[in-house]
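K.L.:
Which chain is which? The protein sequence lines are P, B, A and W, in order.
Residue numbers for the first sequence follow our numbering, so the first one is 1 and each next one is one higher.
Residue numbers for the second sequence follow our numbering, so the first one is 1 and each next one is one higher.
Residue numbers for the third sequence follow our numbering, so the first one is 1 and each next one is one higher.
Residue numbers for the fourth sequence follow our numbering, so the first one is 1 and each next one is one higher.
Read the hints as simulated data drawn from the structure, not as lab findings.
Heads up, a few of these hints could be off.
Computed list of lysine-lysine pairs in DSS-like fashion (alpha-carbon distance at most 30 angstroms, straight line) [stated by the list, open to error]: (1) A:K250 - A:K97; (2) P:K250 - B:K267; (3) B:K15 - A:K250; (4) A:K97 - P:K68; (5) B:K97 - B:K15.
Protein chains: 4
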Amino acid sequence: MTQTASEIIFLGQCKDQVGLDARITGFFAGELFNILDLAQHSERGHFFIRIEGCEEGERQAIQTWTEKFFPIARELDMEYSFHDPLERPRVVLFCSKTLACPLEIISRWMSGDLRIDLRAVVSNHLEIEPVMTKLGIPFHYVPTTGDSKLFEKKQLEIIEQCDPDLVVLARYMKILSAEFLAEARIPIINIHHSFLPSFIGNNPYEQAYRRGVKLIGATAHFVTSALDEGPIIVQDVVRIGHQFSVLDMKQVGADIEKQVLASALRKFIEHKIIDWQGRTIVFH
Amino acid sequence: MTQTASEIIFLGQCKDQVGLDARITGFFAGELFNILDLAQHSERGHFFIRIEGCEEGERQAIQTWTEKFFPIARELDMEYSFHDPLERPRVVLFCSKTLACPLEIISRWMSGDLRIDLRAVVSNHLEIEPVMTKLGIPFHYVPTTGDSKLFEKKQLEIIEQCDPDLVVLARYMKILSAEFLAEARIPIINIHHSFLPSFIGNNPYEQAYRRGVKLIGATAHFVTSALDEGPIIVQDVVRIGHQFSVLDMKQVGADIEKQVLASALRKFIEHKIIDWQGRTIVFH
Amino acid sequence: MTQTASEIIFLGQCKDQVGLDARITGFFAGELFNILDLAQHSERGHFFIRIEGCEEGERQAIQTWTEKFFPIARELDMEYSFHDPLERPRVVLFCSKTLACPLEIISRWMSGDLRIDLRAVVSNHLEIEPVMTKLGIPFHYVPTTGDSKLFEKKQLEIIEQCDPDLVVLARYMKILSAEFLAEARIPIINIHHSFLPSFIGNNPYEQAYRRGVKLIGATAHFVTSALDEGPIIVQDVVRIGHQFSVLDMKQVGADIEKQVLASALRKFIEHKIIDWQGRTIVFH
Amino acid sequence: MTQTASEIIFLGQCKDQVGLDARITGFFAGELFNILDLAQHSERGHFFIRIEGCEEGERQAIQTWTEKFFPIARELDMEYSFHDPLERPRVVLFCSKTLACPLEIISRWMSGDLRIDLRAVVSNHLEIEPVMTKLGIPFHYVPTTGDSKLFEKKQLEIIEQCDPDLVVLARYMKILSAEFLAEARIPIINIHHSFLPSFIGNNPYEQAYRRGVKLIGATAHFVTSALDEGPIIVQDVVRIGHQFSVLDMKQVGADIEKQVLASALRKFIEHKIIDWQGRTIVFH
Numbered sequence: 001m002t003q004t005a006s007e008i009i010f011l012g013q014c015k016d017q018v019g020l021d022a023r024i025t026g027f028f029a030g031e032l033f034n035i036l037d038l039a040q041h042s043e044r045g046h047f048f049i050r051i052e053g054c055e056e057g058e059r060q061a062i063q064t065w066t067e068k069f070f071p072i073a074r075e076l077d078m079e080y081s082f083h084d085p086l087e088r089p090r091v092v093l094f095c096s097k098t099l100a101c102p103l104e105i106i107s108r109w110m111s112g113d114l115r116i117d118l119r120a121v122v123s124n125h126l127e128i129e130p131v132m133t134k135l136g137i138p139f140h141y142v143p144t145t146g147d148s149k150l151f152e153k154k155q156l157e158i159i160e161q162c163d164p165d166l167v168v169l170a171r172y173m174k175i176l177s178a179e180f181l182a183e184a185r186i187p188i189i190n191i192h193h194s195f196l197p198s199f200i201g202n203n204p205y206e207q208a209y210r211r212g213v214k215l216i217g218a219t220a221h222f223v224t225s226a227l228d229e230g231p232i233i234v235q236d237v238v239r240i241g242h243q244f245s246v247l248d249m250k251q252v253g254a255d256i257e258k259q260v261l262a263s264a265l266r267k268f269i270e271h272k273i274i275d276w277q278g279r280t281i282v283f284h
Numbered sequence: 001m002t003q004t005a006s007e008i009i010f011l012g013q014c015k016d017q018v019g020l021d022a023r024i025t026g027f028f029a030g031e032l033f034n035i036l037d038l039a040q041h042s043e044r045g046h047f048f049i050r051i052e053g054c055e056e057g058e059r060q061a062i063q064t065w066t067e068k069f070f071p072i073a074r075e076l077d078m079e080y081s082f083h084d085p086l087e088r089p090r091v092v093l094f095c096s097k098t099l100a101c102p103l104e105i106i107s108r109w110m111s112g113d114l115r116i117d118l119r120a121v122v123s124n125h126l127e128i129e130p131v132m133t134k135l136g137i138p139f140h141y142v143p144t145t146g147d148s149k150l151f152e153k154k155q156l157e158i159i160e161q162c163d164p165d166l167v168v169l170a171r172y173m174k175i176l177s178a179e180f181l182a183e184a185r186i187p188i189i190n191i192h193h194s195f196l197p198s199f200i201g202n203n204p205y206e207q208a209y210r211r212g213v214k215l216i217g218a219t220a221h222f223v224t225s226a227l228d229e230g231p232i233i234v235q236d237v238v239r240i241g242h243q244f245s246v247l248d249m250k251q252v253g254a255d256i257e258k259q260v261l262a263s264a265l266r267k268f269i270e271h272k273i274i275d276w277q278g279r280t281i282v283f284h
Numbered sequence: 001m002t003q004t005a006s007e008i009i010f011l012g013q014c015k016d017q018v019g020l021d022a023r024i025t026g027f028f029a030g031e032l033f034n035i036l037d038l039a040q041h042s043e044r045g046h047f048f049i050r051i052e053g054c055e056e057g058e059r060q061a062i063q064t065w066t067e068k069f070f071p072i073a074r075e076l077d078m079e080y081s082f083h084d085p086l087e088r089p090r091v092v093l094f095c096s097k098t099l100a101c102p103l104e105i106i107s108r109w110m111s112g113d114l115r116i117d118l119r120a121v122v123s124n125h126l127e128i129e130p131v132m133t134k135l136g137i138p139f140h141y142v143p144t145t146g147d148s149k150l151f152e153k154k155q156l157e158i159i160e161q162c163d164p165d166l167v168v169l170a171r172y173m174k175i176l177s178a179e180f181l182a183e184a185r186i187p188i189i190n191i192h193h194s195f196l197p198s199f200i201g202n203n204p205y206e207q208a209y210r211r212g213v214k215l216i217g218a219t220a221h222f223v224t225s226a227l228d229e230g231p232i233i234v235q236d237v238v239r240i241g242h243q244f245s246v247l248d249m250k251q252v253g254a255d256i257e258k259q260v261l262a263s264a265l266r267k268f269i270e271h272k273i274i275d276w277q278g279r280t281i282v283f284h
Numbered sequence: 001m002t003q004t005a006s007e008i009i010f011l012g013q014c015k016d017q018v019g020l021d022a023r024i025t026g027f028f029a030g031e032l033f034n035i036l037d038l039a040q041h042s043e044r045g046h047f048f049i050r051i052e053g054c055e056e057g058e059r060q061a062i063q064t065w066t067e068k069f070f071p072i073a074r075e076l077d078m079e080y081s082f083h084d085p086l087e088r089p090r091v092v093l094f095c096s097k098t099l100a101c102p103l104e105i106i107s108r109w110m111s112g113d114l115r116i117d118l119r120a121v122v123s124n125h126l127e128i129e130p131v132m133t134k135l136g137i138p139f140h141y142v143p144t145t146g147d148s149k150l151f152e153k154k155q156l157e158i159i160e161q162c163d164p165d166l167v168v169l170a171r172y173m174k175i176l177s178a179e180f181l182a183e184a185r186i187p188i189i190n191i192h193h194s195f196l197p198s199f200i201g202n203n204p205y206e207q208a209y210r211r212g213v214k215l216i217g218a219t220a221h222f223v224t225s226a227l228d229e230g231p232i233i234v235q236d237v238v239r240i241g242h243q244f245s246v247l248d249m250k251q252v253g254a255d256i257e258k259q260v261l262a263s264a265l266r267k268f269i270e271h272k273i274i275d276w277q278g279r280t281i282v283f284h
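Sequences and hints are given; from them, build the entire structure.
P.N.:
The structure is reproduced here in structure tokens:
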């Protein structure tokens, strides 16, 4: 973001060819839109672009921009979207009883640091209800025992009702079924408590202790039906020493999980992530 | 900390001489105390030691340990203390209206990550009272206009009443007078939003922008009467690019401030900090 | 850089206005040039752009590109340049007797990691001549005692003769006069052994020790006539502890100096740096 | 290391029990040895200790120290060693044709940064001989085609002749057989170009590209007969973005490989590593 606040963000992707930048920026010039930051990247024959800037002419609604650009997009067979940087994405948080990650998101939302509209917290642990109630956040208790089809149905009803732009798994610790993902049809970001692809699955810190690694990490990724295999958005690590027990690792690991998750959410809010063929483009 | 949980922590310092380790560890051996971690450091003729471990013999109270060690300490002219790792230090938080740092401490306290006993929040901004009340934290509004002697008197009364082991300035943004420090007589940790000694004083991010630095940082330090000159406990930095406005710097800077402050508090809670002649010994 | 190797790099800057991207990318589209990476940034009313990509049409010489773009540049009052990514910038290294930084550059040049054409090493210490001779690098001994006008004249003659694109001060430890800089008229990159603006001038590690900082750093910057005040290109830090003596700091500091200097040179070689009004734009 | 240079380093390990520190430091006190740094760690019932300091009494040879401590060691069933910090370990370097890592070690050896005695470079690529000859380093060409028993025999003869304290695999890219390891009977440090346990085996950067990780790393570890499974000594990572091709990863990866390898060698030289049951104790 730049000193002059941007008013419109544009994201697009299509098959690469000569002249795409000229075509797209030509459109913006014609609308008297001043591009403050443009990042374009091509790889493996595919073209990705993100633009932000200011309307020097009259201000136009996101809907208007979207409609005006449509003919170009159709011609180029381009996926695209326009966004208002001030718009707050609606978020639903899934968690278990571990509070560190959920409270990180909640306190950043309360302090104004994360521009989100936090719609609800869903958990399979009733014991965190008092905290959520105290904080004034709608809380849904959905136990995850018994038939997964039944409890996933409940979860999907909450999602339908909250209509979120994003579901965040803040150490939810349960695997969502392929059916759930297909039904939910919105991006889901998970925080995994290891530096993927190391230590997939359960108890990564125990695995890390046994292997004697000198750094432990965390990975925020989009959820796909393959466990811990979704496209990676943000990763970070923290240095540990031989004196770290598994418990110590969990403690400093929680710090890095929180940082990584918050950082991924910020990228999401700023419309800087494009998810393509198992990898992400994450603009600076 | 080690896989076997430690039961006693010992911290000591005195003038260096041959045989100190033998003398001190001999005492512990005599008490059937198993040392799980020992770190000793000497510099400029001074000796620093931290020990943690387990009582293989009968468990003894902190008070008993303190008394038993006294003759050795007197002989060596040693400052020392014994601590129970499970004891929670009492903390009073000073802040202004910026919520990021206070909420970081509070959410870590709520999630159990920081083993503290949060006694009160003191602020010169009434607007944060509702949040603190919602969270069930005793809030004291002390406006800092007018005669500093008067409002510092009020602050000292709150400190006296809460009897904290530590005061944390979580972006309090006001300078405490030398008189206040002399009266309070407890450690005070401040978080400064720059990598000290760069950008002392106000508006470090504006200073950083103008200088065009490529990293911004935060520093947790003990407060002394010289502004931003107290002994440094923890520092860290985060990479920024040319595209970062002052506002962007403030946002990612807040992340690093929170991490650094939490990290310093953890070191304090674990009795790993010794403050000596303007520098700190911070054990791993 | 992308999977498909780029063939041309374009760098430009001018006063910002609506339509610049369209104008510039329109030119490239007209030449059947496929843009693989485009980064554009505007700040404080100024426009910066870097483009790299492939010629889908016939290959054209840098000179041809430069001439063809000239009318647009004139019209927009734009500073610009075209570069061949395979071209090796000519470099002259200034150093004293400390070998770590010069040997870093030299070994990266020998291993092919830094695509430079190393023309000469200039030093005020005769004792490093044998090493340079062994490595087959032209060595110039220019003592820096006596009248600075006289020895700077000799240095300028070497520069004139080697015709470098860049002078690198690899721990040269001497201040170049404003007259020298005016005469040399090429970019000069210096490595300073601290995290600027902390610890300007001599003995930064002694200063760091006294202040008790927990990180030490290094800064690569363009040289201007104000000591250690030139535009910063790359900075990095490394964590230290209380147990680090000044000597230890020098040792780990040297590591970070080398990394930072090499990283700045790589950015220079890749034509990713624009120096503007005391700050640098450093593209990713 | 401390401001006062240490004269003796002691390393020890044995089964843990109460009173070990007292016993060991009592011995040193009796010899008028002033301990400047002591680090002791216990885990899983095992005790590790490293001591460095100064002889306040008369200076004694390493051999004398070793003999005097022997009765205590026998009684405690302790593995131990005494070292002179100024002694330079003898090193043999194994490499292929990639020069970055070998040149890093060599240039640090030339600049005095790594206190080693570099005895020879062994490679299966004749093409690097001219560089090594120019640098005045004994070079042994051992092609690794055909029967591994034959060429490993040659390698073992070189090792026997050079009598190194350490073999460093500086991107040697060949697996050493269990027989070789059993014969060589000295520590062997390898640098693996990934953050283990991610991306074991060949082409880790290709694997990293496909997985879309956001950090790439390097790992220095002791070589055991299980590929890339040896005890980890040092690890580090560097941030990458979507725009990094495999080639770009290799380039920045090489930087981190060099840093990590040099850092592991420094720990080895400073006698700070203890290898125990698949994990390393690495003192600060």
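K.L.:
Would you mind marking each hint as holding or not holding in the structure?
P.N.:
For each hint, the structure was consulted:
1. A:K250 - A:K97: Holds - the C-alpha atoms of K97 (chain A) and K250 (chain A) are around 15 angstroms apart, at most 30 angstroms.
2. P:K250 - B:K267: Roughly 16 angstroms separates the two Cα atoms, so the pair holds.
3. B:K15 - A:K250: Distance of about 27 angstroms is within 30 angstroms: holds.
4. A:K97 - P:K68: violated (65 angstroms)
5. B:K97 - B:K15: violated (44 angstroms)
Going down the numbered hints, you'll see the structure goes against 4 and 5, while the others check out.
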